[in-house]
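A.B. asks: Model the placement of chain B on the given structure of chain A, informed by the hints.
Each protein sequence line maps, in turn, to chains A and B.
Residue 38 is where the first sequence starts when you use the numbering used here, and the numbers rise one by one after that.
Residue 19 is where the second sequence starts when you use the numbering used here, and the numbers rise one by one after that.
Keep in mind the hints are simulated off the structure, nothing from the lab.
Each residue gets a CB set at the ideal place from its N, CA and C atoms; glycine is no exception.
There could be a bad hint or two in this list.
Across the chosen pairs, the derived CB separations fall in these ranges [said to hold, decoys possible]: (1) G116(A) to S188(B): 16 to 24 Å; (2) Y69(A) to T42(B): 31 to 39 Å; (3) L87(B) to L135(A): 34 to 42 Å; (4) L135(A) to S141(B): 34 to 42 Å; (5) P88(A) to N41(B): 21 to 29 Å; (6) K186(B) to M38(A): 46 to 54 Å; (7) G102(B) to L134(A): 51 to 59 Å; (8) L110(B) to M38(A): 39 to 47 Å; (9) F133(A) to T103(B): 29 to 37 Å; (10) Y69(A) to G132(B): 37 to 45 Å; (11) D41(A) to L111(B): 19 to 27 Å.
The chain contents come next:
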Amino acid sequence: MILDYVLIMAMVTYLIRMLPMVIFKRKLENKYVKSFLYYVPFAVLGAMTIPDIFTSTSSVYSAIAGTIVAVFLSLKEKGLLICAISACFTVYAVEFLLRFI
Amino acid sequence: MDGLPIGLGYLSVSFTFGMMAVNTGFSVFDALLISMTNLTSAGQFAGIGLISSGAPYIEMILTQFIINLRYALMSLSLSQKTDGTFSFLHRLLISFGITDEIFAVASGKPGEIGIRYMYGLISIPYTGWTLGTLTGAGFCTILPDTFRSALSIAIYAMFIAIIIPPAKKSRPVFNVLMIAVALSCIIRYTPFLNRVSGGFAIIICAFVAATIGAKLYPLEEVTK
Numbered sequence: 038m039i040l041d042y043v044l045i046m047a048m049v050t051y052l053i054r055m056l057p058m059v060i061f062k063r064k065l066e067n068k069y070v071k072s073f074l075y076y077v078p079f080a081v082l083g084a085m086t087i088p089d090i091f092t093s094t095s096s097v098y099s100a101i102a103g104t105i106v107a108v109f110l111s112l113k114e115k116g117l118l119i120c121a122i123s124a125c126f127t128v129y130a131v132e133f134l135l136r137f138i
Numbered sequence: 019m020d021g022l023p024i025g026l027g028y029l030s031v032s033f034t035f036g037m038m039a040v041n042t043g044f045s046v047f048d049a050l051l052i053s054m055t056n057l058t059s060a061g062q063f064a065g066i067g068l069i070s071s072g073a074p075y076i077e078m079i080l081t082q083f084i085i086n087l088r089y090a091l092m093s094l095s096l097s098q099k100t101d102g103t104f105s106f107l108h109r110l111l112i113s114f115g116i117t118d119e120i121f122a123v124a125s126g127k128p129g130e131i132g133i134r135y136m137y138g139l140i141s142i143p144y145t146g147w148t149l150g151t152l153t154g155a156g157f158c159t160i161l162p163d164t165f166r167s168a169l170s171i172a173i174y175a176m177f178i179a180i181i182i183p184p185a186k187k188s189r190p191v192f193n194v195l196m197i198a199v200a201l202s203c204i205i206r207y208t209p210f211l212n213r214v215s216g217g218f219a220i221i222i223c224a225f226v227a228a229t230i231g232a233k234l235y236p237l238e239e240v241t242k
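Bound conformation, chain A alone (with noise of 0.2 Å):
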């Protein structure tokens, strides 16, 4: 019973990935078209980011220290996991700030 669900959710989560990558094998060239793909990783990041990522922490103060954090980071550069672990950091800091306040 449970089986037939996770199959089910398996086949459908696989096909959406699968076919795109398998149908579009050589390089499409509208310039608009490749123009949009260009600009959808940018566009699905920055929709996935906010707001979610200041409801992602226990507390929003701590979220918003955070994203300011990785904000500042990544504005010099500093690669993924730098910032990432720096965010956790902060995040971690105030949130055990807060205990005291």
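C.D. replies: Below, chain B alone, put in the same frame as chain A:
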């Protein structure tokens, strides 16, 4: 090595998934099986909800379709970035590993990407996803909340580190980003519109923002 921050982030998410699944009445094996065959956070969380409420199969199909449709967009975008090493079989395998984060890192890498890079990029997060589910489900104990809370921002911080450097250098990219962010906030905070599921909202935002970008700033020579 690019997969490491993703893998770390996945540990905490899949840990939560494992715990939730067991709390909802799934066995450790079921939880693990779902994680290993699906590899999609929002889809899996919605999935266990639907299964435990005994929803009809068609509802499961539609829900997964809508939540995960954004992967089609990502898959399409990545298919344009592949170099000559991607055979049919490799495409079949690689496409299984396209997630928000893996897509983000792969598309942020300059130039074309090869098959070895993709396998390397996918393997660590997949392992993290599996291990996180296993430990979360197996122990069903709770990390201190502050610890979990701190880890959960990791994924978003990584997204920020991916999008900001290009947005700083390119005005069109910056504008597309701002449009997407604005739309995303509008959908989230407007009554009625906020009932749109997260996955679907992302598709709308990305489609509109990228379309406006392509119309206003078509690139003569797309340099990726």
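A.B. asks: For every hint, state whether the structure bears it out.
C.D. replies: Taking the hints in turn, this is what the structure says about them:
| no. | hint | in the structure |
| --- | --- | --- |
| 1 | G116(A) to S188(B): 16 to 24 Å | holds, 19 Å |
| 2 | Y69(A) to T42(B): 31 to 39 Å | violated, 46 Å |
| 3 | L87(B) to L135(A): 34 to 42 Å | holds, 38 Å |
| 4 | L135(A) to S141(B): 34 to 42 Å | holds, 38 Å |
| 5 | P88(A) to N41(B): 21 to 29 Å | holds, 27 Å |
| 6 | K186(B) to M38(A): 46 to 54 Å | holds, 52 Å |
| 7 | G102(B) to L134(A): 51 to 59 Å | holds, 53 Å |
| 8 | L110(B) to M38(A): 39 to 47 Å | violated, 29 Å |
| 9 | F133(A) to T103(B): 29 to 37 Å | violated, 47 Å |
| 10 | Y69(A) to G132(B): 37 to 45 Å | violated, 28 Å |
| 11 | D41(A) to L111(B): 19 to 27 Å | holds, 25 Å |
When each numbered hint is compared with the structure, violations occur for hints 2, 8, 9, 10.
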